[in-house]
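These protein sequences, in sequence, are chains A and B. Here the first sequence is numbered in numbering that gives the first Met the number 0, starting from 0 and rising by one per residue. Here the second sequence is numbered in numbering that gives the first Met the number 0, starting from 0 and rising by one per residue.
It is possible that some hints are incorrect.
List time: in silico SDA-like cross-link candidates among lysine to any residue, alpha-carbon distance up to 25 Å [said to hold, decoys possible]:
(1) A/K94 <-> B/I89
(2) A/K94 <-> B/P121
(3) A/K94 <-> B/R9
(4) A/K94 <-> B/W43
(5) B/K113 <-> A/E38
(6) A/K94 <-> A/P140
(7) B/K113 <-> B/S84
(8) B/K113 <-> A/A123
(9) B/K113 <-> B/Y100
(10) B/K113 <-> A/L41
(11) A/K94 <-> B/D37
Rough simulated footprint, nothing fancy, chain B against chain A, three-plus residues with beta-carbon under 8 Å [to be verified]:
(12) 38-44
(13) 108-117
No lab work stands behind these hints: they were computed from the structure. Just so you know, these numbers come straight off a predicted model, no measurement behind them. Yeah, the Cβ is synthetic: ideal placement off N, Cα and C, and Gly gets one too.
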Amino acid sequence: MTAFSADLGDTGERRRTSDAPLAITDLIDEATVQSIAEEAWLALVGEEEYLLPLPGGPADDAVSSWVEVVGPWTGTVVITTGRSTAEELSRALLKEHAPPVLDAEDVDDALGELANVVGGNVKAVLPGPSALGLPEVGNAPEVTDPADVVRIDVLWRGQSLSISVQGSAGALPDPYENHENEVPL
Amino acid sequence: MRALVIDDSRAMRRIVSGILEGFGYEVQQAGHGREGLDVLDGGWVPDLVCVDWNMPVMDGLQFVSAVRSNPAWRQVTIMMVTSESEHTQIVRALAAGAHEYVIKPFTADAIRDKLALLGLLPQEVFL
Chain A
0 MTAFSADLGD
10 TGERRRTSDA
20 PLAITDLIDE
30 ATVQSIAEEA
40 WLALVGEEEY
50 LLPLPGGPAD
60 DAVSSWVEVV
70 GPWTGTVVIT
80 TGRSTAEELS
90 RALLKEHAPP
100 VLDAEDVDDA
110 LGELANVVGG
120 NVKAVLPGPS
130 ALGLPEVGNA
140 PEVTDPADVV
150 RIDVLWRGQS
160 LSISVQGSAG
170 ALPDPYENHE
180 NEVPL
Chain B
0 MRALVIDDSR
10 AMRRIVSGIL
20 EGFGYEVQQA
30 GHGREGLDVL
40 DGGWVPDLVC
50 VDWNMPVMDG
60 LQFVSAVRSN
70 PAWRQVTIMM
80 VTSESEHTQI
90 VRALAAGAHE
100 YVIKPFTADA
110 IRDKLALLGL
120 LPQEVFL
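Pulled out of the complex, with its shape left as it was, chain A reads as follows:
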């Protein structure tokens, strides 16, 4: 309970600005997300792999990967593209290390790792301390507050792809509370 909420006469009108939840639009802009994504693509996908900042429209068979960021700002960093684009992206990422047959798990894993890399670098420019979750793949988490979203729509090899940094409503868990790593040392 804050000093302000403890004051029974407080109607909320005097609440400090810093008590307001952080909106992602106050913390990062599209140009920064674009820059982070371009750096990831150039290093991991290829030196001549560009993300053109042009909207290409939604994919028919969209698949998303995302990582959660938990901290002063809590939300998810989501990459969404078409399934066939995700397969092409996986091959480009793996290059000569790609197996002869790329299965769905390979594609999900590669798309998840891209979300992990982009998400980690997004987290680095947000106020900390924050924790990064493990990548997930599937249908993108719903946008709970359209005002708490920064999104870029790009074309990679002429195919549409979007990256959104979107807030999550609800309570903020402790960023260093880790329930998954419980193996005693």
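Keeping the supplied structure of chain A fixed, place chain B upon it in accordance with the hints.
For chain B alone, kept in the frame of chain A given last:
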């Protein structure tokens, strides 16, 4: 020379392993820190471990602490390869016993430069 690559992403394991094999390393892979410890416990002790931070079961920081707590593995060089890029995280990893830190995204040249700094790049790769 031997290297153990620990990452929960098999894509990243393949990429890092491929880079190291290109430098002449014999490579084994593990999907999380516990699996990595199992490899060492089994007697396959590498010269180099490349380990991610965020993984299920046992994360990279726990793995580093576990390796450093065992005197038999004192000679193992540990390089964290992770998307955790804040200064505080790098300090935590180095304090736990990691020797080097590579931030994702990286290039093969970045890995090569770190190995050269660590004295773990085979001489023929310099040529």
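If you test the structure against every hint from before, which numbers come out violated? 1, 4, 6 and 11
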